[in-house]
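**Student:** Spelled out from the first residue to the last, the chains are:
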Amino acid sequence: MELDAKIPEGPIAEKWDQHRFEMKLVNPANKRKHEVIVVGSGLAGASAAASMAELGYDVKCFCFQDSPRRAHSIAAQGGINAAKNYQNDGDSVFRLFYDTVKGGDFRSREANVHRLAQVSVNIIDQCVAQGVPFAREYGGLLSNRSFGGAQVSRTFYARGQTGQQLLLGAYQALQRQIGAGKVKMVPRSELLEIVIIEGAARGIVVRDLVTGEISSHCADAVCLATGGYANVFYLSTNAMNSNVTATYRAYKKGAFFANPCYTQIHPTCIPVSGDHQSKLTLMSESLRNDGRVWVPKNAGDTRPPDRIPESERDYYLERKYPSFGNLVPRDIASRNAKEVCDAGHSVVPGGHGVYLDFADAIGRLGQKTIEERYGNLFEMYERITGDNPYRTPMKIYPAPHYTMGGLWVDYNLMSTIPGLHVLGEANFSDHGANRLGASALMQGLADGYFVIPYTIGHYLATSKLEKVDTGHAAFRDAEREVREKTDRLLEIRGRRTVDDFHRELGRIMWNNCGMSRNKAGLEKALEEIPRLREEFWKDVRVLGASESINQSLEKAGRVADFLEFGEILCHDALDREESCGAHFREEHQTEEGEALRHDEDYTYVSAWEYKGVGNAPALHKEHLEFENVHLATRSYK
Amino acid sequence: MKLKLHIWRQTSQDAPGAFADYELDDVSPDMSFLEMLDVLNERLILDEQEPVVFDNDCREGICGACGMVINGHPHGPQKLTTTCQLHMRKFRDGDELWIEPWRAKAFPVLRDLMVDRSALDRIIEVGGYVSVNTGGVPDANAIPIGKGVADLSMDAAACIGCGACVAACPNASASLFTAAKITHLGVLPQGEIERNTRVQEMVAQMDEEAFGHCTNHGECDAACPKGISVDFIARMNRDFVRGVTREPITR
Chain A
0 MELDAKIPEG PIAEKWDQHR FEMKLVNPAN KRKHEVIVVG SGLAGASAAA SMAELGYDVK
60 CFCFQDSPRR AHSIAAQGGI NAAKNYQNDG DSVFRLFYDT VKGGDFRSRE ANVHRLAQVS
120 VNIIDQCVAQ GVPFAREYGG LLSNRSFGGA QVSRTFYARG QTGQQLLLGA YQALQRQIGA
180 GKVKMVPRSE LLEIVIIEGA ARGIVVRDLV TGEISSHCAD AVCLATGGYA NVFYLSTNAM
240 NSNVTATYRA YKKGAFFANP CYTQIHPTCI PVSGDHQSKL TLMSESLRND GRVWVPKNAG
300 DTRPPDRIPE SERDYYLERK YPSFGNLVPR DIASRNAKEV CDAGHSVVPG GHGVYLDFAD
360 AIGRLGQKTI EERYGNLFEM YERITGDNPY RTPMKIYPAP HYTMGGLWVD YNLMSTIPGL
420 HVLGEANFSD HGANRLGASA LMQGLADGYF VIPYTIGHYL ATSKLEKVDT GHAAFRDAER
480 EVREKTDRLL EIRGRRTVDD FHRELGRIMW NNCGMSRNKA GLEKALEEIP RLREEFWKDV
540 RVLGASESIN QSLEKAGRVA DFLEFGEILC HDALDREESC GAHFREEHQT EEGEALRHDE
600 DYTYVSAWEY KGVGNAPALH KEHLEFENVH LATRSYK
Chain B
0 MKLKLHIWRQ TSQDAPGAFA DYELDDVSPD MSFLEMLDVL NERLILDEQE PVVFDNDCRE
60 GICGACGMVI NGHPHGPQKL TTTCQLHMRK FRDGDELWIE PWRAKAFPVL RDLMVDRSAL
120 DRIIEVGGYV SVNTGGVPDA NAIPIGKGVA DLSMDAAACI GCGACVAACP NASASLFTAA
180 KITHLGVLPQ GEIERNTRVQ EMVAQMDEEA FGHCTNHGEC DAACPKGISV DFIARMNRDF
240 VRGVTREPIT R
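Listed in order, the protein sequences are those of chains A and B. Those letters in the first sequence? Residues 0 to 636, per numbering that gives the first Met the number 0, in order. Those letters in the second sequence? Residues 0 to 250, per numbering that gives the first Met the number 0, in order.
The set of hints was computed from the structure by calculation and includes no laboratory data. A couple of the hints might just be wrong.
Which chain B residues face chain A? A few, computed with CB under 7 Å, are given here [what the hints assert, rightly or not]: (1) Val-38; (2) Cys-62; (3) Glu-124; (4) Val-125; (5) Tyr-128; (6) Val-131; (7) Ile-144; (8) Gly-145; (9) Ala-156; (10) Glu-207; (11) Ala-209.
Straight-line Cα separation of at most 30 Å, DSBU-like style, residue types lysine-lysine; simulated pairs [what the hints assert, rightly or not]: (12) A:Lys-59 - A:Lys-30; (13) A:Lys-394 - A:Lys-620; (14) A:Lys-394 - B:Lys-78; (15) A:Lys-181 - B:Lys-104; (16) B:Lys-104 - A:Lys-367; (17) A:Lys-554 - A:Lys-183; (18) A:Lys-59 - A:Lys-23; (19) A:Lys-30 - A:Lys-14; (20) A:Lys-183 - B:Lys-104; (21) A:Lys-181 - A:Lys-23; (22) A:Lys-484 - A:Lys-183; (23) A:Lys-59 - B:Lys-104; (24) B:Lys-1 - A:Lys-554; (25) A:Lys-183 - A:Lys-252; (26) A:Lys-252 - A:Lys-537; (27) A:Lys-554 - B:Lys-3; (28) A:Lys-537 - A:Lys-523; (29) B:Lys-3 - A:Lys-367; (30) A:Lys-537 - A:Lys-484; (31) A:Lys-394 - B:Lys-89; (32) A:Lys-367 - A:Lys-5; (33) B:Lys-89 - A:Lys-367; (34) A:Lys-466 - A:Lys-30; (35) A:Lys-554 - A:Lys-523; (36) A:Lys-59 - A:Lys-5; (37) B:Lys-1 - A:Lys-394; (38) A:Lys-394 - A:Lys-367.
Don't be surprised by glycine CBs; every beta carbon is placed ideally from N, CA and C.
In isolation and in its complexed conformation, chain A is listed as follows (with noise of 0.2 Å):
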């Protein structure tokens, strides 16, 4: 099957607008007889359906949380980019797109992350008329900071509940549709299958959560936001229930999956703690623009850090790094951080910790200053560690934390299944290999409020649709497999619980698919995820029954299918047989080690196209054109 992206002709600048003319609308009064389906409500699945309510699709929003309110967008902290120049400091559309192409290590789409560096303006504005608080001056305009490796000051913030604040914009947003009776909200309902009826998603089967009822929805198009993958690691900062089941399912049905092997491995996490840690939390890395990153010089060294004079620190990312210090992309910050406990300067016992450290800040800022920039971060570590930051240096870790893959889209965020349309996180299509630091909340926001109104519409006005209903052959088979796999699952009464596979699960890709890769590694994973798929299987316990809450089974379905998975994100590092951005293989690294890419033979996007449990997927390629990005080392020395 050939790729095609869509991308329109004419210059980059003029792409988005030339396509908004160039695509059909719907009669005004014609949409309300489009049902469109929207999965999940966090910041792209919330604003996708409101935004199209507003314009008069009948819309039915589903997400598993008991509100919409609850989607893990909530729980990101930093703060959200837009080229608005207020700084007047030399940002642009073009310099945003432009830096984010480079910190994508050149492996996006170059249309796709202009458009979403031109409608980045329009966020801002939006979020405000919707009376998001975000930081201001004294005068009275909006305070800006810069964040995660950008030299202009460009990301809007909320304290450090950026996309908190977002999120409940886009959530009164939609509660506003749902009491106007322009959408149908079905919370605490997780989608178990994509209906597909004549080529074209025509619907998903879901189960209540409360009551285990399984039942069909059927729509004109089908909209997936349903997040990242990260909790294939099991350990990440993901939410407990965030999981790739929506998009793996797509992806069985025929939606291919690109790119999966990039994996955000986020530098400032709080390191763990014991063999009963169910989650990893994660410290804004806004913290990195005045704290600073050190080990001691001396392997092995266990003093206290006060006890270790200046002359004995190692504050690598200065020295490496020296026009960006600390403020290093992502994954350049989590490799050094593994390199340097990998040799023995970790901090913490088991090996995984470096210090975070605030004395010089404070000290030439007062504590005031930095309580009043980073108060709510400083408690929850307190809340967590036990540790004042005040008074002592943060210890920090990398960990997974978002996954710039996801389901391949065309410029209109169409999957290769005709209908089905992918936002957000769960799309491949703006991040490259590797995302900046505040651009995830940008991403969902563009492709709910600015991208899918325009595109759904010339979907619906281009496609014939024969009337279906849930009465349909396709949605009984589909209830039925629902059905069959949920009762395989608890009549199993195995040994080992949930979680205990899932967290074999998790070590087995940490160690083998986490922040550096190899050949033998991904083919060791290779052969051990199917050995424990297939004991998963004989020896899962699910306790309980289907018609009532069971978060067992819940979790059973979702770890069933990352079991699935991983295999096909250790298939993608296999085959990228080059370090780019997140993805790093050891085998391809200058002498230096800093990430070795091979664009002649590795400027496309992998995108893998499902062959049956446990067969090697089939992997169709898209080729990157860069007509106004060049090539280049990234570079941040």
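Fit chain B to the supplied structure of chain A, relying on the hints for placement.
**Tutor:** Frame of chain A; chain B shown alone:
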């Protein structure tokens, strides 16, 4: 450390519930409260017993999904802390813990420690927003907003919608939750336009959902993991009087 747990077990909304007793003898002080329950649940499963059901998701104190009453305190004994952020070092070896769901008429128990809080969504649904559609809005810096006002708005907007205020209130009132949204939007120029009607709609919905009224106990303020101030309730009451006199609505 060793703990004696009494946990509310209830198989469904209509079934009667009761406390069940469990003992754990190797709890690490570094565990979070929910990780302690994870350990219990894994043991229950291996012991052929159904695990304890409780809502939780982000485990970072921001999604508002978790919440249980621990020894009479919503979210437990630590100030400004959600259940998921509470760590076992706050307890002592040999402690006895009584763990219950939020109790309020408007929050029916679904199972064990899980309750239905959709009433809070319906309060937002009737007016907890600024009525702007996507697109066609002015430049973000077109309306300057004083830093103090923006900060006040943010203080109120920090609410995570967990419902601890309702669980803490002797009247099971949702006044703090409702007042927080009314303040977040009402102090901003963007929210000023609908200030008179919003408060009336939201308060009426709160009544309809069978939440009680505020009688100034202040328990909500003490229980709120985000430090939302009871002062906002006073502001809501003032806005309500202002609203019904200036721009009364009929529902």
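**Student:** Determine for every hint whether it applies to the structure shown.
**Tutor:** Quick rundown of the hints versus the structure:
no.: 1; hint: Val-38; verdict: 6 Å, holds
no.: 2; hint: Cys-62; verdict: 4 Å, holds
no.: 3; hint: Glu-124; verdict: 4 Å, holds
no.: 4; hint: Val-125; verdict: 6 Å, holds
no.: 5; hint: Tyr-128; verdict: 4 Å, holds
no.: 6; hint: Val-131; verdict: 5 Å, holds
no.: 7; hint: Ile-144; verdict: 5 Å, holds
no.: 8; hint: Gly-145; verdict: 5 Å, holds
no.: 9; hint: Ala-156; verdict: 5 Å, holds
no.: 10; hint: Glu-207; verdict: 13 Å, violated
no.: 11; hint: Ala-209; verdict: 18 Å, violated
no.: 12; hint: A:Lys-59 - A:Lys-30; verdict: 14 Å, holds
no.: 13; hint: A:Lys-394 - A:Lys-620; verdict: 41 Å, violated
no.: 14; hint: A:Lys-394 - B:Lys-78; verdict: 24 Å, holds
no.: 15; hint: A:Lys-181 - B:Lys-104; verdict: 29 Å, holds
no.: 16; hint: B:Lys-104 - A:Lys-367; verdict: 43 Å, violated
no.: 17; hint: A:Lys-554 - A:Lys-183; verdict: 26 Å, holds
no.: 18; hint: A:Lys-59 - A:Lys-23; verdict: 23 Å, holds
no.: 19; hint: A:Lys-30 - A:Lys-14; verdict: 26 Å, holds
no.: 20; hint: A:Lys-183 - B:Lys-104; verdict: 25 Å, holds
no.: 21; hint: A:Lys-181 - A:Lys-23; verdict: 23 Å, holds
no.: 22; hint: A:Lys-484 - A:Lys-183; verdict: 28 Å, holds
no.: 23; hint: A:Lys-59 - B:Lys-104; verdict: 29 Å, holds
no.: 24; hint: B:Lys-1 - A:Lys-554; verdict: 28 Å, holds
no.: 25; hint: A:Lys-183 - A:Lys-252; verdict: 26 Å, holds
no.: 26; hint: A:Lys-252 - A:Lys-537; verdict: 25 Å, holds
no.: 27; hint: A:Lys-554 - B:Lys-3; verdict: 27 Å, holds
no.: 28; hint: A:Lys-537 - A:Lys-523; verdict: 22 Å, holds
no.: 29; hint: B:Lys-3 - A:Lys-367; verdict: 42 Å, violated
no.: 30; hint: A:Lys-537 - A:Lys-484; verdict: 14 Å, holds
no.: 31; hint: A:Lys-394 - B:Lys-89; verdict: 21 Å, holds
no.: 32; hint: A:Lys-367 - A:Lys-5; verdict: 52 Å, violated
no.: 33; hint: B:Lys-89 - A:Lys-367; verdict: 27 Å, holds
no.: 34; hint: A:Lys-466 - A:Lys-30; verdict: 15 Å, holds
no.: 35; hint: A:Lys-554 - A:Lys-523; verdict: 26 Å, holds
no.: 36; hint: A:Lys-59 - A:Lys-5; verdict: 28 Å, holds
no.: 37; hint: B:Lys-1 - A:Lys-394; verdict: 28 Å, holds
no.: 38; hint: A:Lys-394 - A:Lys-367; verdict: 22 Å, holds
Hints 10, 11, 13, 16, 29, 32 from the earlier list are contradicted by this structure; the remaining hints agree with it.
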